[in-house]
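**Q** Residues per chain, in single letters:
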Amino acid sequence: MTSYAAKKVLRAVLTIWIAVTITFFLLRLLPADPTLLVVEGDMTPEMQDALRERYGLDKPLHVQYGLYLSQLVTGNLGVSFRQLAPVTEILLERLPWTLLLAGSAFVLTVLAGIPLGVYAAVGRGKKIDKVVQFLGTTSNAIFVPSLAILLLVVFAANLDLFPIGGAIDRSTRGLAAYGSLFHHLALPLLSLMLVQIGPYALTLRTNMLEVLGEDYIKSAKSRGLPPRRIVWRHALRNAILPALTLMGLQLGTLVGGAVLTETIFAYPGVGRLIFESVQQLDYPVLQGAFVLLAVTVVVANLITDMVAMFLNPRIRT
Amino acid sequence: MKNTTSRLRNGAAAIAAVAALMLSGCALNEGTPENEAAGDGESLTMRIGTTTDVANFNPLQSLSKTDNWILNAMYPHLLRIDENAEKVPELASGYEYEDDGRTVIFTLRDDFVWSDGEPVTSADVVYSAEATMEHQLGNVAAKLTWVESIEAPDDHTVIFRLSEPYAPFAEGVGFWMSIAPEHIFAEEDVTTFANDSDWVGAGAYILESADAGQSYTMRANENYPYAPEGGAAVETVEYVVYPDVNTMILALQNGDIDLMASPTPASALSGLESDPNIGIETVASLGFAHLTYNVTDELLAEQEVRQALSMVVDTEAIIATVLQGHGQEMVGPISPVFAEFDNPELERYPFDPEAARDLLEDSGYTDSDGDGFFDDLTFEMVCDQSNANLTRVAEVIRDDAAEAGIQLELACIERNTFLARTREGDYQIDLSQWGVFDNPMDQLRSTYLSSNPGGINYNLVEDPELDELVNVAATTVDHDQFVERIQAIDAYVHDQALLTPLYVEDFHFAYRSDRFTGFQPSPSDLLGMVTGYSLSQVTAAQ
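Chains as they are written, first to last, in my numbering: chain A, 34 to 350; chain B, 1229 to 1770.
Bear in mind the hints are in silico, worked out from the structure with no lab data behind them.
Built from N, CA and C at the ideal position, the CB exists for glycine as well.
Please note that a few of the clues may not be correct.
Said to hold, decoys possible - If you only want the chain A side, here are some residues facing chain B, beta carbon under 8 Å, derived:
| no. | residue |
| --- | --- |
| 1 | Gly-99 |
| 2 | Ala-200 |
| 3 | Ile-297 |
Claimed, not checked - Below, a list of computed lysine to any residue pairs in the SDA-like style, where the Cα atoms sit at most 25 Å apart:
| no. | chain 1 | residue 1 | chain 2 | residue 2 |
| --- | --- | --- | --- | --- |
| 4 | A | Lys-92 | B | Tyr-1593 |
| 5 | A | Lys-92 | B | Val-1428 |
| 6 | A | Lys-40 | A | Val-332 |
| 7 | A | Lys-92 | B | Asp-1597 |
| 8 | A | Lys-92 | B | Glu-1362 |
| 9 | A | Lys-92 | B | Arg-1651 |
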């Protein structure tokens, strides 16, 4: 079991290193030069050289890579090209907002998606099943920005129920500040949830159907156990494993969705920072953000693997 | 029974968790200043939508347009740009050229004061210019290319000594260079100084707090000399960040913001125009869209071919359809925005594909296979895919060129690839749009001089006659003579058909006319409606 865990951790570290390396070279393979993007109007060759030197782009690629890795090992993500501040500082400023948005979207999606899948499976062929299947497929097909704009126009602009953009009204204090926080969070959260919930509900439904047909469920029924108990205790425990794996995988999609959602809702998170940094070709910020995301996704997968291991002893071998 | 207790336990845990969150959350929003309510009569707050966060608060370092919207209001400039694209006094009360233009003397006003109480003096100007030169900071360094030394004989005089005269030197430096407080900046290493708190400025508005990702709050500077009697009506300016322009438009319509600092896209214009609470101000661009011909190409090196190409471009129709009328025509390379320099004697190449075909036939081009296209006259035209207007223009021109027997192959490509290709001269025809030229001399020098100082001679032209014209004009300090020489270059380039100008686009800025009035917009979206000067002149609408 320890060797299983050790293997998983080693693989996680390797994955992060590969992600870091790909990001590093991908950015530098772009047919664009960050020093050209920063100036509107006149740019003398001397100015360009000065900028390249300041950005460290004048060194050979392998030297830049070596410097970057050695920096990274010490936890230093470098200094932003455009904002003179350290990348870690910039990311930490934005991270709480993304954690709040993506985190609550993740939890709520799981909390809502699992019962939906269970009820659909139990009531197979009934109305609830049809509704869940329809929602599941639609949710998978929705393009986040279109949904986000739709929600904004209907619920914020027309009905005036929610604010347009931002994360909090800075003039509020105490409880009112919390009200403002959740008020601003509602629409971006709903957008993310709506596009995420489909896969959970559908995966759960399929697995539940399979598990509900197994012998031990039949025998539990024949022993006269209450149906609720059979479904939620016995069947779900086994049906949830694939959903667990899905959680780890979906986290990446969630973050991708957050880039677009945060941009449209003017939400100050890491997703929007990525959007802005791509436009400015701010390599250090982009690299830092991707390292952060890679670590998040890899760690989340590691955790789901570990949880799955405890839930299902068969995996351990 | 067991179920009930476990439910109770769960419930209690949930309540405890929420309570803990609330308690810990007392810290939420603390440490940020409370915004004053908008429109309470005494103190007016204007909320302005911007598209990105401030990347860099150091005015000597910053290179971004959106940063400049905020920094420009905070740090004074020797000159500012007025609604006619002319440079008028700001910190400098005036300037003069001496020694045949080799010496430029700025006289400063004595009533600018930094917000920490120190006076703004010539030492601040000297420091800002020297730091910029030493570290090649921003795009201002290029404006200081000619400077050999700078002197400050007294607190209100700054003397620039130049290696050779450059006619628009004072304009360029005056308008582009932010003046930073020496007593603060000289204490730091200017190349790494982030300047991201405790701001000290001397412009119309001074930044008070920054909330990354959300908003930036500025307060009116009561000592700003150009504010109306009794101080600016708008006491607080709050920039709110909306990365998506559609979201920003919704926020304006809903009254969450009062002004969009970025121009309104043409597609949203009619919707906003019909809103009785929203006003639109229109200004011209300081750049223009154009076709530029790579003259190192064997065929495009021929003047007749370039002239023929100019005759297949129907600018009138392009402005009417693609820009929906929101633009002006251009004849030569000088924008009509610079009315004084625009040569009135030039005549536009007529839109006449038939005549273009005749001109090519007369020059010896043939269509041997009878496919309607001249042999060899096939050109690749590159453009930036992200500019929706230009991709449409490209199609219009391709169709009209076909009528004249010229085959254009369109390569509207991803922006970075496009920039890389134009940088490397890897194109035949470049369809693009200049962003900002604040004066014609800088433009002509950057685009036509063979030594190519700005690196944007996209014609790749090396013409000794043109070089001579540009170099002579650049050193002409006498204003009337200078205008004459610029007009002569205008005519020469037009006759050579080095480029086919397409249009000067209009920019539209939307604001809440039910709340504010009295904006003094300047051309282009460089500053548009948000110069400190303009904001300080705005008053509440009746």
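**Q** So which of those numbered hints doesn't the model satisfy?
**A** 1, 4, 5, 7
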